[in-house]
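On the provided structure of chain Z, position chains Y, V, P, U and L with the ligands as indicated by the hints.
Protein chains in written order, with my numbering: chain Z, 624 to 1144; chain Y, 30 to 365; chain V, 435 to 841; chain P, 4 to 136; chain U, 22 to 170; chain L, 7 to 194.
Keep in mind the hints are simulated off the structure, nothing from the lab.
Since the structure is predicted, the reported quantities are computational estimates derived from the model, not experimental observations.
Take these hints with a grain of salt, some might be off.
[What the hints assert, rightly or not] If you anchor each label on the Cβ, the simulated ranges turn out as follows:
1. P:63 / V:602: 28 to 36 Å
2. Z:843 / V:626: 54 to 62 Å
3. P:17 / Z:1116: 50 to 58 Å
[What the hints assert, rightly or not] Per the computed footprint, the stretches of chain Z lying under chain Y, defined by three or more beta-carbons under 8 Å from a beta-carbon of chain Y, are:
4. 1042-1050
5. 1073-1087
Positions of the beta carbon are idealized from the N, C-alpha and C atoms, including for glycine.
The lines below spell out each chain.
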Amino acid sequence: MNLSNHIPILIVAIPLLAAFLVPLIGRINKKATGTLTTLALSVSLILTITLAVKILTVGPQAYVFGATSPSLTLPSGLKFPIRIMFQIDAMGIFMGLITAVVSFVGAVYSLVFMKQHSGLDKYYSLLLLLTVGMFGMEFTGDMFNFFVFLEIASIASVALISFRGIDLGEPAEAGFKYMVVSSISALMVLFAVGIFYGQYDILNFAAIASVIKYSQLDKIALGLLIPVLAMKAGAVPMHMWTPDAYSEAPAPITMMLVATSQASLYALFRVVFSLYNISLNALTVGWIIIIFGLLSMFIGVTMAIIQKDIKRLMAYHAVSQTGYMFLGVGVGLAVLANPVALNQYGITAMEGGIFHIMNHAMYKGLLFLTAGALFFRTGTKNLDKMGGLAHSMKYTTIFFIIGAAAIAGLPPFNGFASKLLIYESVYKFNPLLSIIAMVVSILTLASFVKVFHSAFLGPKLPQFKEVKEVPRSMVFAMAVLSCIIIFFGLFPDLIVKNLVHPAVMSLIEQLQYTGTVLGGM
Amino acid sequence: MTSISLFGILIKIIGAIVIAFLGVVIGLFYKGIDRKLAARMQARVGPPIRQPFMDFFKLMIKENIVPQNAVPWIFNGAPIMALVSSITILLYLPVGNIPPLLSGYGDIVLIIYLLTLPAIGMVVGGFASGSPYANVGAQREMVMMMSYELPLVTAVVALGWKLSQVYPQLNIFSLAVINARPIWGLVGPLGFIGAILLFITLAAVTPGELSKVPFDAPEAETELAGGILVEYSGRNLALFGLADAVKTVVMMSLTVALFFPYNISHLLALSGVFALIADVLFFLVKMFLVMFVEVSFVRIAFARLKIDQVSFAYWVPVAIIGLLGLMLIVLDTIIV
Amino acid sequence: MNKKTYSIPIGPVHPSLEEPMTFNFEIYGERIEKVYLAPGDNHRGIEFMGRQRNPIQIIYLAERICGICSASHPFAFCQAVENAAGIEVPERGQYIRVIIAELERIHSHILWAGIAGHELGFDSVLYISWRAREEVLDLLEYLTGNRINYGVFMIGGVRRDISEEQIPRIRKTLEYYKDVYGKIEDIFLKDPTIALRTKNVGVLTKEDALRLCAVGPTTRASGIKKDVRQDQPYSAYADLEVKAITPDVFSGEINGDVYDRIIVRLLELVQSIQIIEQCLENMPSGEIVAEKKLVKLLNQLKKAKGEGIGRHEAPRGEVFHYVKLAEAEVPEIWKARAPTYNNLMPWAPMLLGEQIADIPIVVASTDPCIACMDRVTILNKANGRKDVLTKKDLHELSVQKTRRITP
Amino acid sequence: MATPMGFELLKQLFKKPATNVFPVTYYPDSILKLLEKVEKGEAKIHPHVEIPKNFKGKIVFDRDECIGCKLCIKVCPAEAIEFIPEKKKIKIHVDHCIFCSQCNDICPKNCLNMSEEFLLADVDRSSSKLIVE
Amino acid sequence: MRLNKYFERSLWVFHLNTGSCNGCDIEIVAGLTPRYDLERFGIKLVGSPKHADVLLVTGPVTGRMLDRVKRVYEQTPDPKAVIAVGACGTSGGVFYNSYNLSGSIDKVIPVDVYVPGCPPRPEAIINGVLQAWIKLEKLRESMEAAPAR
Amino acid sequence: MEYMKPEEIIELFKEKFNESITNSRIEIKTAGSKKNSYSLIWLEIELKVFKEAVKLLCTIQFPHFAIISDNDTGEEVKLTYHFSLYYGERFKEISLNITTNLPKNNLKMPTITDLIPGAQTSEREMKEMMGITFENLPDLPNVFLPIDFSKDVFPFRKDEKGVYPLSKNGKHIGGNIIDNEEEVKKVE
Ligand code: SF4
Ligand code: SF4
Ligand code: SF4
Ligand code: SF4
Ligand code: SF4
Ligand code: SF4
Ligand code: SF4
Ligand code: SF4
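The shape of chain Z in the complex, shown without the other chains (with noise of 0.2 Å):
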């Protein structure tokens, strides 16, 4: 048996196992627990590497529990035992080494920006199992565990983002709030679940695509589905989660809350496009895709810039980012069925939407850091209450000054490279599209540049005389995603290439994905 084979569930399983061992760690020695956890996640992290480079260049991955190769295991016909199976391609590998990342720098910005706070054995091995979920739902190759994951980092979440205590309010409600989508959302996804096996007898989704009829059960599972995720994802107009739950949890959460609500567009753009592909009605659905995309792009960023909260101001441009990532995606999918056009443009335009969600990971997570790290040093998340931070903190505004290019889209960041990818396609298919997306574009830049003024501009604050440099460990989490942002907006070719090509690609050709799996059929 070749190791190598088995790097999927070891992806899961270390964090999984780290999760159980953080709180016996913890009653020996507190201070190890986040060590413990770094480690762990770190592994996790090369691990997800090598299985990105095995994916890339030999193709899409499947691994079934128990058995030795997926295919020996498949019995012919249509039946499918239940069984947990993993199955991984380049769009899947993309989403994994997302979180792979913000998870390890999460953990490693954890170590000093927790340190005071009591309960970390139970923090690290919440953020450990919000880890496993998140990569469970981006492996998973089956509806019901894809649910069971769904569950896991939603109940992880939930803990963690009223983690800075039950007994404050704001904390308090930010979790409820997130408990109850979390809880509407996985029901209605049982639901869909239920549909579909009630009709065709299976849960993997290749093999409920190769069979998919789009009957009207299906068009009701569609419906169910697509709002849901998309409400997971913070989409507008079901975004009113995002602002609280994003302000309240602690700075790390929030960039790993973000990589959540992308694994939950991720399921999205798996269920539309792997599932149903062009059995769809493209065009209808990519518009509605659009619109979300659209709305979400101007109301997140409109809502943003009256925010005085800096959190609350990140979490709104979450909203309105995510609006690009609709928009790239959606514009593709509406030409899906038009070969021509999606040639021309239509591919173009999800490489866009896909790369935006790698860059939009890295520059939010990098923002809602800086963000930490302020108020790790002033106490406050008001902006009317910062000002003059740059005297002092010169690291964190170096950080913030790029992450702030970043997501409104300067060269030469990362959040350039996709952006122009969008642009230059989708105002093909309508060029309002385009004018809106940079008109927004640059309202973020406008917003930020605000951001930056109140926080770090202006005379020294004599209460913050005494502020200085967060902690190195945190500069060196900060500095990671710098360095990722810089790289991916100076090289986007090779990024676009390797990366999300392959990762679009196996989205739009269904038979691939099916066929991993399906042995060809």
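Chains Y, V, P, U and L with the ligands alone, transformed into the frame defined by chain Z:
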């Protein structure tokens, strides 16, 4: 961004330096012409044309005062950023029939973004100086930036869209491509009107981009004592001045490239180096004409608008003109 | 965007105020919420100095209350002294006074037009109108020997006659302004951007103008037909038909906004030209001054006793001088009130609710001259505080003074 | 664009500017050398705007006529005139003078007059150029 | 302090009124207008002392302006020059005996060139600028000569 | 509109306040070669009826208020309020100067800003310069003097509370004199 040979890189670096130098020189020269023309229209003799150069050299020897409230590295960095970004745009612009030095993916979008950078540099610098005037100025600059972006983007996207309909296989957002295919030849009568509207839109955006009267609310000398730039002195002020000069060149050549990319050499039956020179000269003349209409004349023939009026002007009338232009161009294509 | 209001100090050294003057504005976004005025940066103590000088010297002091109304203050001051001392001004002197005063109005209104253009960011207006203004300055220089601060007023008359050969030159200038006037009117009243910036901006209602005792074009633009030249004609104005000008003459309506103030000033330009023409036609012959011998005049004033007021409609509104002579070398009381003193209070209703960008044009629309606003001097004997006079300054002053007296 | 101002400006573009280019049109290469040349008569300075008769310029004083009556001092509003007791003559500080010519009017001997000289700028305010005695 | 020959050709002027009667101030503005056009020499009025090379100061320096004059002078970046315009700026003029006035500008900040006149004609102000040029050119020559010694 | 003659106005005041009008005078001035005339009224009234008098004035027509002149005569302070009535028609305007005397030991004046808001600047000037308390005038910060100016020094006074002017020849003109450096020091 793709790998190129070492020699190629070297050429590009040298080219970049040359272009930066030329851009600055031409920018200052045009600024001088602009001041001279404005003076003549106001019945004055006006400064000599090389005045901007002397201003620049003078500023370079002046003391550079960093206000107490400012964060020095941001305060000093802002003008550099403004200048570098404006120069970078130059590298993407074609001159006559000489293709741009850098080109590739979506230059024009890049240019739109880069155009915001000098403004951002000024805003950051204004905020960084910590004076109330600079603060109000910077806020106004931001409002302006948000306002003129919609019409600007509309004009550019509309042109690109039209081209993409005619030449689907080309990289439309490359300026070299746009430059080689004048819009006027591609459109029917409806589209022609549309294109004129788009030109008007761009012409209206230009003074805003360059913070010139009537859209100079951020620097409003009589209200804000120079607004954003109140606290700047010496070298930093000189750099902002250069950035402004270069930006003028950029906006002018952008207008020329988008709307008047015609060359003159084939009409004169020239070839080789002469054709090159003729075209470059012709290009400069076109730039001059555009500048005269869009900047020199407008800036002395109107009163300064208030910031809410500016914002309204861009969001409503100018944007509507732009969108109308877009609509006409789309209609033109669909009907034919 | 930002919910909190913040305050912006404007002045004392600010480009829109050619003179020092401090305003404090509380701003919300771009809107003005509160206005605080703090004059006093231009305190020279002119009245104080005047109470130590003989009336002839005071004429020049009064002239330098403000260099723009440099005919108005001497005019009113001389009238006050004449009234107090019972001196009659010869008719020819009265006519020459009016001609100079009206020429000053022409220069002042054109000057104002240019400054207003400049405040609007419309420098071409400044250049074009000031170019036209040079003509009247040349004329004034020709008549008086100085472009500004003419120094032609004397108690009992004027110092310089207008001779026959000078009249064609005056007429030439008047013709020139009749020509130019059309152009200036076009530029101001037909320009869309100027209209955009001035209509319904800085409104002063008739009610407020009355209650706050505004004067000059500021009050006339609000519809109050108040003009000393009409209401209580003095000097040669008593022979001339002068009518207060309100904006409805031109536009048919009265809004009391900046635009209306522009209209009033432009129309007054024409009015001034007509007044001068009438004066030239009806100019009586005779003496120009009551007492030619200055030494005699000084003695006469030294013996005089009484009080008198002098009023004159300056370009910006009424100037008011009160003089009390008490058989001394120097007057017992000299009180000078300049138009801006009264036009100060109306700024508050004009500015509230407007934007930062409106401040310069609204302030300029009353054509303020802070120079004459800041009346009084300060010295704190209890503690030599810094912004008054430090001990050192005081010391230095007394040393110089000593040096001057005994060189 | 079709504003009255617009037309006015465009028209003006083709007319001569109204500027009187005193003393030179532009800054010369070297002001010192230029002045030297002017001194030698090799170069000329553009004249200033013409001065009318009776212009109030720098004061001129006919010392021999003066009888030291101090009347001029009595009316001078600027304390520009200083009495020199030992000579029984006066001395005028032009930097204090406000060019009102009041002293000319009162002088019984007519020994004070206003000249046409008005370019009085100097780097030292008590230089001999600015003292008339 | 460094000087170069471009300094004189591009004098940016900040106009500071310290309590004058406006006479000089309007003549300064008149100096900018078409008849005299100071911009020919690269002179332009700026709104902030930070941008200025030359301070054109008018007026007899009232008590309240005293500190501000000094502050404006300090805020003006080197190299800089001060031109006092008008009789009251140079010496006090008519305002010679009030206790709230410093009387002349050179008691507060160093003055390089005095322009007497009340007010001086715009051409006299131009002449003042000319004196400043001469002074600057001489200064520059002496500075250039200095290293040789 | 009905214009009252100057005599009628004085009559009106005398009727209402009889003894309290201590002095009244009409001055007729002529101007120009046509010798057209206009009139001025000078009234001196007692302090106790001052406010009532202004009220009465306001019933005739809303008056234009020019300024308050001050005169410190040593024992008392003479304040002259300068008004004018009947604007809008030629020769109809009448200047009305109302003088009232305040004893030095009780410098209190009723405010007229409730009747004529425009008088505020002038009243505040008198408050700062003369040290006169205007009843019911809102206690606003100084307009003319610096905000932190001493509350016991009043520049227009000619007594010990006035300022110490520098005079060129040491003659007594109003206030106390500082003639030499020693005295300057003493004052400090
Ligand atoms: S023109 Fe007016 S605002 Fe501009 S600098 Fe001169 S005085 Fe200041
Ligand atoms: S307000 Fe009047 S006096 Fe004052 S600077 Fe402007 S024009 Fe001159
Ligand atoms: S209002 Fe005053 S300062 Fe202004 S011009 Fe008239 S007298 Fe002079
Ligand atoms: S208002 Fe003041 S400065 Fe003007 S004359 Fe009167 S006392 Fe002097
Ligand atoms: S001209 Fe006037 S200021 Fe000059 S000395 Fe004679 S009286 Fe004095
Ligand atoms: S008035 Fe004439 S004579 Fe008398 S001192 Fe003066 S200059 Fe001499
Ligand atoms: S010098 Fe004369 S004109 Fe100039 S400000 Fe002083 S008093 Fe006025
Ligand atoms: S000595 Fe002093 S007070 Fe006398 S004129 Fe000179 S500056 Fe003025």
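Status of the hints after comparison with the structure:
no.: 1; hint: P:63 / V:602: 28 to 36 Å; in the structure: holds, 30 Å
no.: 2; hint: Z:843 / V:626: 54 to 62 Å; in the structure: holds, 60 Å
no.: 3; hint: P:17 / Z:1116: 50 to 58 Å; in the structure: holds, 55 Å
no.: 4; hint: 1042-1050; in the structure: holds (count 4)
no.: 5; hint: 1073-1087; in the structure: holds (count 8)
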